[in-house]
Amino acid sequence: MSTPLVMFLVFIAITLGITYWASKRSAGKSAYFAASRQIKGWQNGIAVAGDYMSAASFLGIAGIIAFQGYDGFMYSVGWLVAYLTVLLVVAEPLRNAGRYTMADVLAYRLKPRPVRAMASISTLTVSTFYMIAQMVGAGALVALLLKGSGISYRAAVIGVGILMIVYVVFGGMLATTWVQIIKAILLMAGTILLSLLVLGHFHFSLSAFFNAIGNVTYHDKGQVVVKDFLQPGLRFKPPYGALDLISLGLALIFGTAGLPHILVRFYTVPDAKTARHSVVWAMALIGSFYIMTTFLGFGAATIVGRDYISTHGGTNMSAPLLAQSLAGDIFFAFISAIAFATILAVVAGLTISASTSFAHDFWTAVIHKGTERKPGEEVLVARISAFVIGAIAIFIAILLGPTANVAFLVALAFAVAASANLPVIVLSIYWRRFNTAGAVTGLAVGLLASIGLILVSPSLMAIDPPTVTGTARHLIQAKALFPLENPGILSIPLGFAGAILGTLLSHEPTSEHKYNELLVRSNTGLGAEQAGAH
Amino acid sequence: MAMPPTVAPERFQATQTDWDRIAETKEFRDLMATKKIFIVPAFVVFVVYYFALPFLVGYAPNLMATKVVGVVNLAYLFALSQFFVAWLIAWLYVRAADDFDALSNDIIRQAEADRKGK
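Respectively, the protein sequence lines represent chains A and B.
According to my numbering, the first sequence holds residues 1 to 534 in order.
According to my numbering, the second sequence holds residues 1 to 118 in order.
In case anyone wonders, no lab produced these hints; they're calculated from the structure.
In this text, a Cβ means the ideal position worked out from N, Cα and C, and glycines have one as well.
Mixed in with the good hints, there may be bad ones.
Taking beta-carbon pairs under 8 Å as the criterion, some of the chain A residues facing chain B (in silico) [what the hints assert, rightly or not]:
1) F73
2) V81
3) L84
4) G241
5) R276
6) V388
7) N516
8) T524
Extracted from the complex, chain A is given alone in its bound form (with noise of 0.2 Å):
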């Protein structure tokens, strides 16, 4: 058996026992939708960044930095200062005035039905997308880090999906918690152990590593070619990757704290004043961990280079080859089984949040109007629809195949959190006006722009060579419509406007009459739920 694949077995191992574990702790909405609210700050920062932190910013800042220098490190600001929107306006409002999902704040003083339907497709839509993201490059990056055992595409997809059903479905918030906070602890111990090794090869001489990025080597098209990484413009090119980097930020700074995943972990903890440490602790090792992506990209580019890189599994592989060839087969291993752990525990956060929202908001509110016909029925129709959305995200990975173009997704899943969700949030808590036209407005706009501006960009939008087969093709072949790959600056805007024109065209004295509650309740915590099980 190889190391990797150990590795991966004792990680899934310890994950089963702690799912056990959480299962006898699970009975009960505020158990297994919130963890009962007994998660500690730093806990739940740690489970923010475990939860957040993606195989994208694992593998793929570290290699788009090895790949496009400067630019690739310029990326990655983004993800932490977002955060600062989520800690000024929305985690602690959020925390005082909700229970399970994000649509309750919206649910307070609008039609609760139809917000509660708009804000599930939403919710449904962010968590589907990002999710098939995740399973493609699970699969793919399982097949390559285990390639020699055996293990296959599909196996790794279906292996990766089942282990994220079963955290979900029998050890609820609690599991999940627990594997996102170890995810975060082996992804930072992984990191910082391989940025020493990265400086102790420069004799831990911070000149002499930055010298090296100023002289990085590597061959293009047979041309031998010398470039200094620091330089810009390596990824970012004239004339839409200015702009296209500004509308990547619009959809992070408003994105992040629209996530449905992100945002029930907010309701893990006893207060909105947990919340807010939580955001710190979050922001803490999230922004170190981007700073030491220097390490991680420069040293690929570096001490392995892009030549090798390229022949031996391609940019995604830039982090694992680095541990590879500074400390051999061993911490190759540990690096990969940290990668696969990542996964994991980003796939079980987005299924929680999922079957939530579907359970919470759509079955029992919008289905039932309001009323479980029997205790304990939306925890059970939680645990169904996890199961339901693994299988569906297994069956479309499996269809994609490896080579499928799913960047795309990740892109769509922040413009629809910054377009649709976010709008609807900030504008029901601190618009008095903002009623429920406005608000299904808002994420029905919102949404649809994003989707259909992804549709019409150069991710989806563009003529391929006759060399390009299968679903590594774009879909439609022609000149792009749209010229970013992300839409957030044209339809956040939209989704604003959106939700800004139905509230203005029509007319709902209910909702101003009960604003004065949400407003009390989200800026005091007056009547916030308490931790403990109902």
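Following the hints, complete the assembly by docking chain B onto the known chain A.
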């Protein structure tokens, strides 16, 4: 690890008139004003500082390529500074939020006392 689940107390309930009354109190208005004074400028500062990065790198590449220490240029230092500025704003917010908590707790205590008094 988490303690064994205990039973959560009942949520605070109040009538529409109560909520309206609390929203009109001086204490609540003070809380909202105190929050606004910090949160609005903090939000504007971080958004402007963050978007200055892609904007300057994209539209003033020569300026950003200026080398500061050895090969390390302005672009890298500016990107790196973003992390520290974000942490600084978060730290300032947590400090300011202690005041919000004190004001909120007064409002909560008063509301609960009023409810019991009825």
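We went through each hint and held it up to the structure:
1. F73: Holds, about 6 Å.
2. V81: For V81/A, the interface hint holds, since the closest Cβ of chain B sits about 5 Å away, which is under 8 Å.
3. L84: holds, 5 Å
4. G241: holds, 6 Å
5. R276: holds, 6 Å
6. V388: violated, 27 Å
7. N516: holds, 4 Å
8. T524: At about 4 Å, which falls below the 8 Å cut-off, the nearest Cβ of chain B leaves the hint on T524/A intact, so it holds.
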